[in-house]
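J.: Listed below are the residues making up each chain.
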Amino acid sequence: MLEHVELFFKSIFIDNMVFAVFLGMCSYLAVSKKVSTAVGLGAAVIFVLGVTVPLNWLLDQYLLQEGALTWLGEEYASYDLSFLSFILFIATIATMVQLVEIVVEKFSPSLYNSLGIFLPLIAVNCAILGGSLFMQAREIPSLGLAVNYGISSGIGWFLAILAIAAIREKIRYSKVPPPLRGLGITFIITGLMGIGFQSFGGMLTGGDEAAAEEQAVEVPATQQVEATPETYAPEADKTTTNPEDQTTKAAAEAGEAVSYNDLVKS
Amino acid sequence: MHIIKHRFRGKKMAPAFNAFHTFLFTPDETTHSGGHVRAVDDLKRTMNTVIMALIPVLIFSFFNTGYQYYAAIDAANGVPRTVDLFGNFLTWENFWLGFTQVMPLVVVSYAVGLIVEFIFAVIKGHEVEEGYLVTGMLVPLIVPVDTPLWMLAVAVVFGVVIGKEVFGGTGMNILNPALTIRAFLFFAYPTWMSGDKVWVHQAVDRAGTPDAISGETILGSLAQNASYDYSVSDMFFGFIPGSVGETSAFLILIGGLFLIFSKIASWRIMLSAVIGALVMGLIFNGVVAQGWIGETSSFYGLMSFEFWKHLIVGGLAFGIVYMATDPVTGSQTNRGKWIYGFFIGFISVMIRVFNPAYPEGVFLAILLMNVFAPTIDHYVIQGNVKRRLKRLKTATILPKTTDGIAQELQAETA
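Protein chains in written order, with the working numbering: chain P, 1 to 266; chain H, 1001 to 1414.
Worth flagging that the hints you see were computed from the coordinates, not collected in a lab.
Do not take every clue at face value.
Here are the simulated lysine to aspartate or glutamate pairs, DMTMM-like style, with alpha carbons at most 20 Å apart [said to hold, decoys possible]:
| # | chain 1 | residue 1 | chain 2 | residue 2 |
| --- | --- | --- | --- | --- |
| 1 | H | Lys1263 | H | Glu1130 |
| 2 | P | Lys175 | H | Glu1127 |
| 3 | P | Lys175 | H | Asp1234 |
| 4 | H | Lys1263 | H | Asp1042 |
| 5 | P | Lys175 | H | Asp1074 |
| 6 | H | Lys1309 | H | Asp1234 |
Not everything, but these chain P residues come out facing chain H in the computed CB check (under 7 Å) [as the list claims (entries may be wrong)]:
| # | residue |
| --- | --- |
| 7 | Leu145 |
| 8 | Val147 |
| 9 | Leu162 |
| 10 | Ile188 |
Label-pair restraints from in silico Cβ distances [claimed, not checked]:
| # | chain 1 | residue 1 | chain 2 | residue 2 | range |
| --- | --- | --- | --- | --- | --- |
| 11 | H | Trp1150 | P | Leu81 | 34 to 44 Å |
| 12 | H | Arg1387 | P | Gly67 | 55 to 65 Å |
| 13 | H | Asp1042 | P | Ile117 | 46 to 56 Å |
Even for Gly, the Cβ is constructed at its ideal location relative to N, Cα and C.
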């Protein structure tokens, strides 16, 4: 139970898909013009992540990992099929997205229309594949935790797109300089939102005291408080929410983003 | 000044001169057409009111900077001081040291920020907006006293350009510019913004020498489970180390009451933020009282800290009164303000306790809630729309009391 609470909080706030690892940016930037659409897409992402991560966990445990094939017989114990993870994971994701698409089209045609091309594009949303790959890399120990991880990462992404959609609705009335309108300002906002989310970075754990105690032993508070450049740098790199990094990144990416925008229009 | 203003009318540099003119004199122009809003307070008046509320805090910070410096030296020499308001606090010595340390911060903050504002006004061809007046005063008050001036200048440029001007200037920004500047400083130069040395003048320079002095804040000590020796009245009146202007909860309280009285700041945000902080503090106290967490835990120090004391140490009071209430970046709706304020208090205390890297989480909590303020507003407004639609529905059903007529009407319309 404790590790569930911890993982839940961590994947929503600390390892937020958008602000900590910058995944799923394409649909995050493109579908965040209106809150209602953003909510629809966010819900779809939560669902797809919540289904694909546990499915891929099963695949990983019983097919791909080294020694995962032991259940077939002793002679398969040395097989390591993990080089197939990308293909199999993306196949699972594509299947699930097709399923979601069919379901959404059947039950909510209006949402289906407003999401447009971006619903099938969830299949190539890097947050989804990223969720499965992180699950593999972090060696999440049980199916329950995998479900938790998928859903909570999805909620983190959902919160991010919800917040930026509301902000973009608000700044519609701002006098943003013309060169920055559209994606440029969105990148800057994302960077600034990252600073806000940084408040959770380095937090040992949330909500749960016993788990906190365990971890506290590993990282004494005094080390963190000193925050010398040496100890601080790796943390900043890991979360990439260093404001300077981010704005330069945002500025650099703004150029590319315009071409992406054109691509979508055409 | 008038002559200069008229000479430059219509020229590119006009906004720069007009700003000086407006600042020094009451504008003599009146609008001739269109709708008029008659009100006592314009943007300039609003900003000046907030600055007036900040002046006591600023003056107190002069004395406190000096006092903390000399007290730390005394303590290092083995003679701990106790506060004596007229004896050793309100002294010329303290004031002069604080003045020479704090005033450069204020001057740099205003000079750099206003230069950026002027440049943008000239480029974009609009009048210089007064928005920076308050930010420029807040910034020196929320940084440690020994912040190098060039660092402050860089941060101010970042905060004003990225935090405000790219959104179109005053009133359009998403995050509070003063907090953006603080966050920039915090993440770009962490050694100068946190730790146990930065809070007292010269403590960093003296570290490692025989003259070393300590300047740990109360929250910093608690985060390391160390003890602190400041009484509650010290905390309340602010004779403690900390960022330049955040220490005196008493003067901040007076400033806050003044802002509420002049209706500049929202009492809803302040009240709900206080409630939020108290609730979170109570939860943590409860956890300790239940014995769920031992004295060995690294959270014990802050968790066992009495819940109401959270309000009078660190920057919580300052943040709640002067920065959470920013009318631009906060929630705009009344119900939204309650939610927004509550989470500021709640998350501030949570960050304080759970995040040992930042014993001072208030500015981050406010930034985070600034991010979510539009979302809160959106849902409050949607809620209102839905409720009214419902009311409208029930209102149209009213003729049902006379069923016959309703049916007749239906028949007619059909």
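J.: Each hint needs a verdict: does it hold in this structure or not?
T.: We went through each hint and held it up to the structure:
1. The straight-line distance between the Cα atoms of lysine 1263 of chain H and glutamate 1130 of chain H is roughly 19 Å, inside the 20 Å bound, and the hint therefore holds.
2. For a cut-off of 20 Å, the pair hint linking lysine 175 of chain P to glutamate 1127 of chain H stands: about 14 Å separates their Cα positions.
3. The suggested pairing of lysine 175 of chain P with aspartate 1234 of chain H is violated, with an alpha-carbon distance near 46 Å, which exceeds 20 Å.
4. As the CA atoms of lysine 1263 of chain H and aspartate 1042 of chain H are separated by approximately 13 Å, the hinted pair is consistent with the 20 Å bound.
5. For the proposed pair lysine 175 of chain P and aspartate 1074 of chain H, the alpha carbon gap of about 54 Å is over 20 Å, so the pair is violated.
6. Between the alpha carbons of lysine 1309 of chain H and aspartate 1234 of chain H the distance comes to roughly 12 Å, so the proposed pair stays at or under 20 Å and holds.
7. For leucine 145 of chain P, the interface hint is violated, since its Cβ never comes within 7 Å of a Cβ in chain H; the closest pair sits about 21 Å apart.
8. Interface restraint check for valine 147 of chain P: the shortest CB-CB distance to chain H comes to about 25 Å, outside 7 Å, so the restraint is violated.
9. The closest approach between the C-beta of leucine 162 of chain P and any C-beta of chain H is roughly 6 Å, which is under the 7 Å cut-off, so the hint is satisfied.
10. Given the 7 Å rule on beta carbons, the hint for isoleucine 188 of chain P holds: about 6 Å separates it from the nearest Cβ of chain H.
11. Hint check: tryptophan 1150 of chain H to leucine 81 of chain P, Cβ distance near 57 Å, so the stated range 34 to 44 Å is violated.
12. Checked against the hint of 55 to 65 Å, the C-beta distance between arginine 1387 of chain H and glycine 67 of chain P comes to roughly 59 Å, which is consistent with it.
13. Checked against the hint of 46 to 56 Å, the C-beta distance between aspartate 1042 of chain H and isoleucine 117 of chain P comes to roughly 48 Å, which is consistent with it.
Hints 3, 5, 7, 8 and 11 from the list above are not met by this structure, while the remaining hints are.
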